[in-house]
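Enquirer: Chain by chain, the residues run as shown.
Protein chains: 4
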Amino acid sequence: MIDRYKDLDINKIWSDKNKLFLWLRTEMAVMHARLHFKDEISWEDYERIKRSLEENPIDIEWWKAKDKEIHHDLNAFIQERIRFMPKELRKYFHQGMTSYDTEEPAFVKMIKDSIKIVERHYFELEKIIKEMAMKYRYTIMNGRTHGQEAEMQSFGKRCLTWLQDLRISFRNLRKSKENLRFSKLSGAIGNYGGVTPAIETKALKFLGFKPQYGATQIMPRELYAPIAQGLSQIVATINKIALTIRLGARSGRPIYQEPFAKKQTGSSAMPHKKNTISTEQMEGMYRMAKAYAMAIMENIQTWEERAIEQSCVERVCWPDLFHVTIRVLKVMKRVLGGLVVYPNNMLQEIYESRGCYASSHAKEILKQLGFDFNEAYRIVQLAAFNVFESAREERFPKSFDDADKLITMDLNVFYKKLVSIKEIISEGNSKVSLQLSATKEEVQNWNNKLREVFQHSENLELWSKIFLPSYLLRNEDTLYRRILRIT
Amino acid sequence: MIDRYKDLDINKIWSDKNKLFLWLRTEMAVMHARLHFKDEISWEDYERIKRSLEENPIDIEWWKAKDKEIHHDLNAFIQERIRFMPKELRKYFHQGMTSYDTEEPAFVKMIKDSIKIVERHYFELEKIIKEMAMKYRYTIMNGRTHGQEAEMQSFGKRCLTWLQDLRISFRNLRKSKENLRFSKLSGAIGNYGGVTPAIETKALKFLGFKPQYGATQIMPRELYAPIAQGLSQIVATINKIALTIRLGARSGRPIYQEPFAKKQTGSSAMPHKKNTISTEQMEGMYRMAKAYAMAIMENIQTWEERAIEQSCVERVCWPDLFHVTIRVLKVMKRVLGGLVVYPNNMLQEIYESRGCYASSHAKEILKQLGFDFNEAYRIVQLAAFNVFESAREERFPKSFDDADKLITMDLNVFYKKLVSIKEIISEGNSKVSLQLSATKEEVQNWNNKLREVFQHSENLELWSKIFLPSYLLRNEDTLYRRILRIT
Amino acid sequence: MIDRYKDLDINKIWSDKNKLFLWLRTEMAVMHARLHFKDEISWEDYERIKRSLEENPIDIEWWKAKDKEIHHDLNAFIQERIRFMPKELRKYFHQGMTSYDTEEPAFVKMIKDSIKIVERHYFELEKIIKEMAMKYRYTIMNGRTHGQEAEMQSFGKRCLTWLQDLRISFRNLRKSKENLRFSKLSGAIGNYGGVTPAIETKALKFLGFKPQYGATQIMPRELYAPIAQGLSQIVATINKIALTIRLGARSGRPIYQEPFAKKQTGSSAMPHKKNTISTEQMEGMYRMAKAYAMAIMENIQTWEERAIEQSCVERVCWPDLFHVTIRVLKVMKRVLGGLVVYPNNMLQEIYESRGCYASSHAKEILKQLGFDFNEAYRIVQLAAFNVFESAREERFPKSFDDADKLITMDLNVFYKKLVSIKEIISEGNSKVSLQLSATKEEVQNWNNKLREVFQHSENLELWSKIFLPSYLLRNEDTLYRRILRIT
Amino acid sequence: MIDRYKDLDINKIWSDKNKLFLWLRTEMAVMHARLHFKDEISWEDYERIKRSLEENPIDIEWWKAKDKEIHHDLNAFIQERIRFMPKELRKYFHQGMTSYDTEEPAFVKMIKDSIKIVERHYFELEKIIKEMAMKYRYTIMNGRTHGQEAEMQSFGKRCLTWLQDLRISFRNLRKSKENLRFSKLSGAIGNYGGVTPAIETKALKFLGFKPQYGATQIMPRELYAPIAQGLSQIVATINKIALTIRLGARSGRPIYQEPFAKKQTGSSAMPHKKNTISTEQMEGMYRMAKAYAMAIMENIQTWEERAIEQSCVERVCWPDLFHVTIRVLKVMKRVLGGLVVYPNNMLQEIYESRGCYASSHAKEILKQLGFDFNEAYRIVQLAAFNVFESAREERFPKSFDDADKLITMDLNVFYKKLVSIKEIISEGNSKVSLQLSATKEEVQNWNNKLREVFQHSENLELWSKIFLPSYLLRNEDTLYRRILRIT
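Residue numbers (my numbering), protein chains in the order written: chain F, 54 to 540; chain G, 54 to 540; chain P, 54 to 540; chain X, 54 to 540.
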């Protein structure tokens, strides 16, 4: 991964230094287990080896040079280590083992430790979203489906959805983590040619693992594919949130915006810009996360008791996938933690939706008041089309002159009192719409019927109520209680 | 593909009936070529075979039953056909050939014919977009980068971009089509065990192909992967256009909308909805097109002189990819052909961008008028932040009561005369912004300097000009001339 | 999916008929739940509705025609159903619901039922593999890593690995199945505009679900992506097994082969062929499964409270993914159930590996007998290179004449007694190899030392033992015990 | 990319240093073009700017620090550069431009230069394969389809296929390269707000490009996706070759092997191993190349006149894709350049295929000699099954004792004279096979008929001929002539 997107914690975990340290850890665990079963090696010898290695830390450069010569990094490591051991004790090192016996426990440890970093950032992000949900509990906005204004909701409720979606993806990762409890020391083809099952069990226990019975020379990559997919799914969910932020941040009337640093430059050409660059980057990161996960998933395929197709992919794509995941978590913490929210604009959006935020309730009430299913639907639909049909003619300029004229006229003409379906319907004022199939007679009939119905003040009261937040959001309490476990 | 998304033309091309017809065509072409080289078969025999096959059309059901029995569709086809041939002539049928000699020319023919269907729809789509570009030549709108209002442009110019992007993707497909000029009849491992190079050349010529020298039992799938990617890239470009339509169709103030059928239902719950379901479907289709192209691309991999991994993928994913591509072209023709455009809303967006649509020109003019690079940038940035900084305090309701109150107050309060950076700057009225680092003194200095500069009427004139379409769009002519080859 | 690869069970589950049946089931469950809470509807009305719908089964064709007209399949369904209901009761149908309230529980039910089919085939496959493991408990073969002969193992042990790898992938699917316990009825944006939380809970209980709190108009697709990936991972594992079968079935000397039907045709050109077409198809199916899962995974992305990008993908890719998964399971049951195993060829392979199947033990023994780490390694490596270095000169024919001569000479020359590293080493007969860096002196020294060591009969005995299955496979017992829980 | 797989040439091209150098190149080209049109700037000023920048090379560290501060790398670059320019001239730098005007030409230049590196390695690889084709022109081997021995061919002919497949993929890349002839300087939304079309044309000409009319703020990513796919397809083809090498290198009897360095270590456990690690790595690289290309392809999607989703993907995946492509080319040059070929083993494989390498010719000859289509096929199939049916009973050991016994018996029993279908058929010696449906009577009849036919010496002569390389490979000449343009 390029420096720009690197996470330092992840970098450390996947460094050569840490890898060799973990390889050594495996070797010592096996030796220790042999000791336990009195398998050849004695306490004195074990201690002598341990001491000699501790006194001579691994020389990464020596190891790299040797690797270049013999094209085998694990053998290079062994040669680096046994340099410092008494000749007669060298046979105990890596005894009866194959490279991947040493490497597999180290590899899984790196994944496990990286997930810990993911978890840390994840929980911080979760906390931020919980706080947002509480803060915006009564901040009303239009929900949107298909990009269109739908019913009214609180912004807090949208935050609860984000929280829940993240929790699903995170729970999914956690479930896959169980796959990391296993490892193997069962030799070149997995039938314990060099290390006995008992020694394997003991040594793995030292390392924090249980044996994966049936492993070949390597652990089955079926165990790790779900981890990679789990990570990329977390990135997917965060990108979904990012997308919804980008959509709300569209000018002219943003309902929220990414935090913008004081010295930040929006665009080298256009000084007025507050670009949603952080949330847009999430989409790019998502493209990469998907790609890395796909490559890792393909590592399941191999020949017989193993071939080494998976190695280069794992060297590159695992750390890169973690870098991307952490990056996305960090950026989203910053974006949500500093999100600039505009309740006024949210309110203006509601106002401009001209009562349609309650259209489904309007339809239900009409059914209750005696209109049939189809009728109720079409009455509300017609009113909705009426309130949005512009009085002003749409004109397409034919020349620059035309266009110049448009721009210099008094554009405040745009702002006039908005009509709502609330009035159109309760006052029986619908008109035929070219976009809908209702005839003049039908509309007339509906209007008459509506006027009659709404003469009754209890009906009108009922009608008014459904346009209020206290009515429309009345059931969001349940979400708060269930999701945040509060009242 | 499910019926809902099937194209009938594509369906016909990839039908069993057409496939067997094309297999027969290969067989007859080879026989014909043998005749030409006087290779064993005589005119009389050839004619007898031809006649007997013409008199007995292929029985698809018989063939299917036989395929089930012997697990080999091509051999089942041969057996179906030779039933009707005089016993002594049967040896001439499929003589010296392997299954894929028969199948490969048929397969490529199906791809070629499918591409013709793509091309037909593509050109119709291109025509629609060209007409749009002309129609909306002077319909001004805000360009958008990062979802934010950028500079002013015509909607016609946006259409030109769509046209050009589509042309790139289509040109890309066309280039790959050259790969379809080749086929093979060179036998079981591609070294002409049964058919000589001369007969191959002649027979392929009858079928409209040249020999692919070096083919194995099959044609190298390297030839077809770019076709699949080319198709999926066309879908990608159309989805990009669809995405931009969805973004412009966001309520409350759509600048354009998908056509909406009179009897169409928006949402079963919310009658007011005019959902962008067609353009959203493009995204789903794009997900599938990518997937199919990926699977087809993987067909390059095989063992030695071939294994049959590719067969099932090709049976399924090629027609499905074509169905999806055609679907997307058809839907986009309907959407763009019937696009409802709202120039008033476009104009209102421009107005509400408060002059920022000319911010880069403003910055350049200020540099011209003596402000240095950094200063010019920061003055315009500050003015832009000023005009958007709301006078009204942002308040977050603390209860449903609060929220109910908000919704019932006079919301026409939102509409007031908008201030533009045009005036703010030329009148020297900038104010310190909490979001930017400019100090009070700096702002004061800038304002003074600006007032002085704009005392000069020629400067003010220059300044006013840059906010006009005739100035801002003056270079779009070039695009029209270059792209549409008109003046 | 094309007929060729369709599974009838899956087809039924994803049919229109079943879908509408399940939609109706949701509607009735909600009505039933309303009844329970005495929410408007009475027992009598409920019963009347139920009866009228039962007496008039859904007319699929009517529904299809209506869908075409109004472009909305759920609304078309509602209109089809209410046709048969007393006018005054129609308001109770789909009351307060949005389309996806009806559809989501149906959709998850289809996935759940499809997984049941997967499970049935999976368990049958598992059973077959267990039986194979028992049957081939002592059938010795060379394990292979990197395609090269590695240590000896039993074929039964390889079957155990297949079993375990499948179990991992299957367990992975099972874990994801927990995600299918949830559904939603919370309305157009998920804040219970039409159905109360209590009714949701009750109705979902009738349908076998718990509420997903925080759902928007739709369930978060985060829940389903892991299912799709789980299915595609099962296909991946089966393809891995298929790959290992293909590798073992390579002629000239197959160690096992796919079953071959008596009337099956291998190749239309080459009558001697027994092609591994079933296992090769697995690779194609895997390419498709990956693609479908990827498309489904992308469905996580959507806008705000939902857009409908996911719909077409789900209509197509879910059933197709299940068809492919079932296909692969069925074919693998047939292939493994009828696998033709050649223990003689396995034995011959062992013989021809010239003792190298015990090379790691040889190395360990030498270390035990006093050779140092590096020396032991190089001695065995040299012996291994020696036994494979051909006595006969490699010649490249320069003409067809040369080539014809080769083919007509007595080719039985190839068969001579094979030399094993067992003898080479114990008799101290190693020779310098051009491929290795050991000098003449080194080799001489090694030989001398080896001769000395193996003068001692106890050393020789030890040495002989490591070449025997009873020694080499001694630890496979553990695998049998742990994996099959037998002794 | 990690160091292990980095290519130094690619690394240099994609370095910060080179990027900033290329950005500066764009800036100077635009200034130069302005000069040409006498657009504000004078010769003296241009020269002064140029000199001041040349005298003060870019300070990468300064730039990095500034980027961190303002979150905008291009603006940081501008600020770095104008530091050194006379105050009054600064306005000419980046005048009227947007960041991506500067960046796009630089970006494409990096891709173009990287492709040059690809081409260099590609042509070297092509040369190696051509030489192989010539060298192995008469080296006979079994072709393989479905992993099964098919007809005979020369190894040179297989090399020709590799050559042709690579050429297709390379030609595909070359065609896409045409997309790199274009770039843009048309400003923030692509309608020449700051730079006129004439200046764009001139400046791009200096840089080696033509204008892409219709570009937005950025170039359409449709232009680059095919390049990425073209690169990944080259990797795919190389991996296909690698796969075929791995298959041929399977022990016990490799027909070719990767070169093996003298000090190379095969396996840390098994000293006899000569693992195909280089060709296996190709598969891993292919997994990555596919993934990178997919991520890059997705960059086509963006919003309106651009958002910045593509940026991080391009920073990471383009250089990584090039590193992987170059790696694969380099390794394949080494592998093929040093491939160890075993013609003896190839010959032995032919021998052990027992004449089946000519089975399709045998079938054709029999048809010629009067057998009908079906009969000819079944006779050859039966003979083929006969020669492979082992005389020795297949036994499955029931215990370790059994297994130990097997291994210690005289295993030279395996080697006996092989029977060929050549004799079986010409001598009329076929036997009923349990695997085929031919009855005893049928077989008897065939044998009788065959004996009669082959009494005639001209028939027998014809028969013998088809088993010879000079006959079977007679048409390979055409391939050599057509592909290598030699005779």
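Do not take every clue at face value.
Chain copies aren't distinguished; within one or between two, either way the pair holds.
Heads up, simulated DSSO-like pairs for lysine-lysine below, C-alpha to C-alpha not over 27 Å straight-line [as the list claims (entries may be wrong)]:
no.: 1; residue 1: Lys469; residue 2: Lys458
no.: 2; residue 1: Lys59; residue 2: Lys458
no.: 3; residue 1: Lys65; residue 2: Lys121
no.: 4; residue 1: Lys119; residue 2: Lys386
no.: 5; residue 1: Lys228; residue 2: Lys263
no.: 6; residue 1: Lys518; residue 2: Lys493
no.: 7; residue 1: Lys475; residue 2: Lys502
Treat the hints as calculated values from the structure; they're not laboratory data.
Enquirer: Find the hints from earlier in the document that the structure breaks and name them by number, from lowest to highest.
Expert: Result: hints 2 and 6 break, sorted rising.
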